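Peer 1: From just these sequences and the hints, can you work out the full model?
In case you want the letters, here they are:
Protein chains: 2
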Amino acid sequence: MQNTFPHSIPGRDYRVEDPFFTRLRTAVLRNVIPYQWEALNDRVPGAAPSGAIRNFRAAAGEIQAEHYGYVFQDSDLFKWMEAAAHSLMWAPDPHLEQELEATVDLIARAQQPDGYVDTYYILTDLSKRWTNLKDNHELYCAGHMFEAAVAHFRATGRTTFLQVAEKLADHIASVLGPEEGKLHGYPGHEEVELGLVKLFEATGCARYLELARYFITQRGREPLYFAEETARQGNSFFWKDGPLGYAYYQAHKPLLEQDRPVGHAVRANYLYAGAAAVARCTGDDALYRHLESLWREETQKQMYITGQVGSSEYGEAFTYPYDLPNDSAYAETCAGLALAFFAHQMLRIRRDSAYADVLERVLYNGTVSGMDLEGTSFFYVNPLSVVPAATREDQRLAHVKPVRQKWFGCACCPPNLARTLASLTDYALSATDNAVYQHLYLAGTFTLPLGGVPVGFTLSGQYPWAGEIRIRVEPHAPVRFTYGLRVPGWCPSFRLTCNGQPLSLSPTQGYLDIDRTWAPGDELCLTLEMPVQRVWAHPSVREDAGKVAVQRGPIVYCLEEADNGPDLHRILLPRTADFTVTHRPDLLGGVTVLACTGLRESGDDTALYSTRPPQADTPIPLTFIPYFVWANRGEGEMTVWLRDARS
Amino acid sequence: MQNTFPHSIPGRDYRVEDPFFTRLRTAVLRNVIPYQWEALNDRVPGAAPSGAIRNFRAAAGEIQAEHYGYVFQDSDLFKWMEAAAHSLMWAPDPHLEQELEATVDLIARAQQPDGYVDTYYILTDLSKRWTNLKDNHELYCAGHMFEAAVAHFRATGRTTFLQVAEKLADHIASVLGPEEGKLHGYPGHEEVELGLVKLFEATGCARYLELARYFITQRGREPLYFAEETARQGNSFFWKDGPLGYAYYQAHKPLLEQDRPVGHAVRANYLYAGAAAVARCTGDDALYRHLESLWREETQKQMYITGQVGSSEYGEAFTYPYDLPNDSAYAETCAGLALAFFAHQMLRIRRDSAYADVLERVLYNGTVSGMDLEGTSFFYVNPLSVVPAATREDQRLAHVKPVRQKWFGCACCPPNLARTLASLTDYALSATDNAVYQHLYLAGTFTLPLGGVPVGFTLSGQYPWAGEIRIRVEPHAPVRFTYGLRVPGWCPSFRLTCNGQPLSLSPTQGYLDIDRTWAPGDELCLTLEMPVQRVWAHPSVREDAGKVAVQRGPIVYCLEEADNGPDLHRILLPRTADFTVTHRPDLLGGVTVLACTGLRESGDDTALYSTRPPQADTPIPLTFIPYFVWANRGEGEMTVWLRDARS
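Protein chains in written order, with my numbering: chain R, 343 to 989; chain D, 343 to 989.
Source of the hints: derived by calculation from the structure; they are not laboratory data.
Source: prediction; values computed, not measured.
A few of these clues could be false.
For chains that are exact copies, the list does not tell them apart, and a pair is met inside one copy or across any two.
Here are the simulated SDA-like cross-link-like pairs (lysine to any residue), alpha carbons at most 20 Å apart as the crow flies [said to hold, decoys possible]:
(1) Lys643 with Ala731
(2) Lys743 with Tyr656
(3) Lys743 with Pro585
Peer 2: Encoded structure:
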């Protein structure tokens, strides 16, 4: 087991003023959180009702109503509460805090005397609870409650929600576990594992960690709990006849015997994130090493260049190594977020830029693409290539939308993105008592105790649009600690100065570890060379053969029809083309665009098949925009991978 | 309306000795017909029973049994009977003829007093007949019976089967039609239209032609019969909520208002073939012209280079113009055959190589690929690119098999291929009293009355493996007539001599019309230049952008892993590569193979994404085999389209 990083930094201690994320977090604050609160209260005209608040009011016996929505409807509320709580740390809002408090009270009133909370079973038949762990999401909802309660505690210091969460966790521990007479089960949709570890870390109660560990080690053990439960209860099993089976749930065999990511991509990464948290807190090195091998399989064989995962709509699932179709990608916003959670938990075990590079890739590209500029419409699916007509006419693309949607019946992605952006500072660094590692160059100011001394940090610059990062370090008194600065994997060369003097350091596991006694006013300047880069996929990725993508810094670019006309498949990128880099504060919320001269292929368009060879002979101006802001200018074609002229 | 071609040539009058088709027809005779007879009689150990014969025996009241199989199970038997009858014309077999006769007797015994025949309803509930024209295939089965009965009549001269067919057709005409009190319906799966026209042509009974015409003109008229039937009978409607709706059946609007091929590709082409037959027999020029526009839409926008159609597994259907995915192609063997039937019927209206080129393309490539060398295993789906592992792991490819299967629960394709190959000579030419047009250069000997004189023809050569075709014309006495020789669309130049003297003729609608007084022993020699050709798809075909296919004469080639190793997507074909052409009598039943030097792309295989450009730098020998013999050497990768090195 590597050294681990016990500390994260509360949102209130990191004031973010970032050229990339501030706009996104403002959209969450101004639009996503308020809009979703209205939705949860069924007050959005024209939208399908959520029923989430009403379900709780009915469960509390305050109104008469049947349960409405999915079995996991409660989780929409918990994720909103988590986002709202995180936001309070950096954007105090007494009115929001009051609503949050009232919601905690409502949940407490709905909680059963034994601690159980789940409006679906409370409002249908409580005697049926815990009879379908495979599909009915009680533990999934509980996990989201735990995460929300911990965030609420961190934000307000009040334990009201934590008490509800602990009471539920204690109830779960009384029903499930290794002891005789308990159910030897685990959740069909993982999430409670990470929630339990966070609850353990907030309360110090080892029972919660132990339960999380049980869920992870029990999962997939013979005899399979889900098979027995299905037979015993006569439950249906949707994936029975398909190629996935119990692998859909990562429950076909024990995690330690699973050699590559399988099944539903969100569930898989929630499992891995929870398992990494357990490995860290229990010092389980074998588990960590296994997760490390799954990490490599996932991020080196099944991850899109946008950091997204889940190649297939069928089962919203992983398929097989190097299968990365662009147009039919599932690449659910939640799956990318789940991979970020996994990366974050791995980073808390070992600071290694292999984790942070993926964390950065997915947070700057394939997740934030899930939201429009204003935070009022959302993608569930994040394809890497879209032809709008094809999404309507090709049933294989029925899941792909060419424009963002207002809301979803299954509203998992928008609040998931909201809670992640609201708690973004948690992901930016890891710390011990005398070391801090900067994973994300999130501009702003934060304070951290190091060597027993409060130390202020101010990061400034235009990252990710420019590679120069200035960091002012302000210890309250001189103090020695290690400050590790990540050199991103995309960066071909860098310069580092301290108070104007070059520091000659080589990265270790991708970090420049500056170990010194810091004095107030010390200033670091890290200059990351940030050229426009052509990126090619591994030769085994069939879908990208003969194609090239364009990246600059952590930002993956795409071509849109709005800039480049239709038939993007006819465009080739010469290897010799020079790029112009222009920051456009006016465009798409402020982005850097790339321009170059491409080639448009002419061909015989008089016949379906012709012996006349096409020629890439027409120079055309190309404009690349960052992938994450695609589809903000109406409906049109888009592609990340374009044809490589190989000359 | 163009001039039409009333005559086709019975199989007995065309002795085929062809370098391409003789082997295939022998396989049909030796293996497909006998094997299928055993299958129809439930005598194949280990195979799922067919039940087809048993159903008829039960329907005749000779055994007690429930109906077994699909609602269209009878059609398997009728298609087998048609294939067997055709084969008797060129390969007399008293034992087979006896079995066929006994089967006709069995069907006659199962026929109801009012003429009705359909074992599904006879064995379930006869009062329910004609209540689900949309899905229950009574008319489809009837159509196959009519085709079989006509073939039986042509083969044996006996009218036993024809009488059964006429009695059924008369019954149908009493139930369906424009008159008040009749059902104003039409079949969900077209086929009866062509069957009725053939029955009309065999019997001269105009009622059958009239009924076929009614089915075609009534189809899709408001109020929609299928919508009314579905509501009236409470029938299910599988396609209701999808993008296809009644277009699945080509029944969403009248045929004359349908501007492109839609829905189930087999049904669509059966409809068009039937409509073309009606247009020819009724002189309906407007209908012909509309079919001509559908023909262009289909063959110039939605046809694979193998002649196949039906891009999507969903609905086994057409999608939209230029959507021609290679790996997930449906391209059902039956759909290609249906397109051949459509081409054939169009050729009987107008001799135009636009039709014959497609007929040739589909008969030499995407249909005969449906059968292995021996005629003992079959493809339903004929993809243009296969990676075996992907067909198992990617649910979008669940319909694609990397090796041919022994039989299918839905056994439509093998007998369809058998009946087409058995009656191949019908497709080879069209004739009037004083003209004959050679569409397919099917080597062998045939006799035809022209200008009142029997004229013998002998075609010899190695076509399609070589471009020289020698034709000896032997009229019993000198006689003047036109002999039209098709110049295939793929042919860049040709030479034609008559008795050694060059004839300088230009093709009209793709045919060299030789109008002369022919004397015994006249000899034509047509030399079609047959270079190896690179073929590129229309620039709107996204799936083939940057790719090239290889064709020689009518034969489309492919790369197989067996010859070229795995990872075919890493191979590029230089535009400058010279091909070696070698006929290999020993290989795959005797085929011409092509060889050249290709390039294998190397790339950075240490990372999923890399800034190191791949290079097409390793020359490798490439071997191309004809597409139709792929997957005869075990499981492996295959591709028709490969990467175009563009240099």
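Peer 1: Could you run down the list of hints and mark each one as holding or not?
Peer 2: Hints, one by one, checked against the model:
1. Taking identical chains as interchangeable, the C-alpha atoms of Lys643 and Ala731 lie at most 20 Å apart only when they sit on different chains, with a minimum of 15 Å there against 30 Å within one chain.
2. Proximity of Lys743 to Tyr656 under the C-alpha cut-off of 20 Å is found in both arrangements, the shortest distances being 16 Å within a copy and 19 Å between copies.
3. Taking CA atoms no more than 20 Å apart as the test, Lys743 paired with Pro585 passes between copies only; the shortest distance there is 15 Å, against 26 Å inside one copy.
Violated hints: none; the structure is consistent with every hint.
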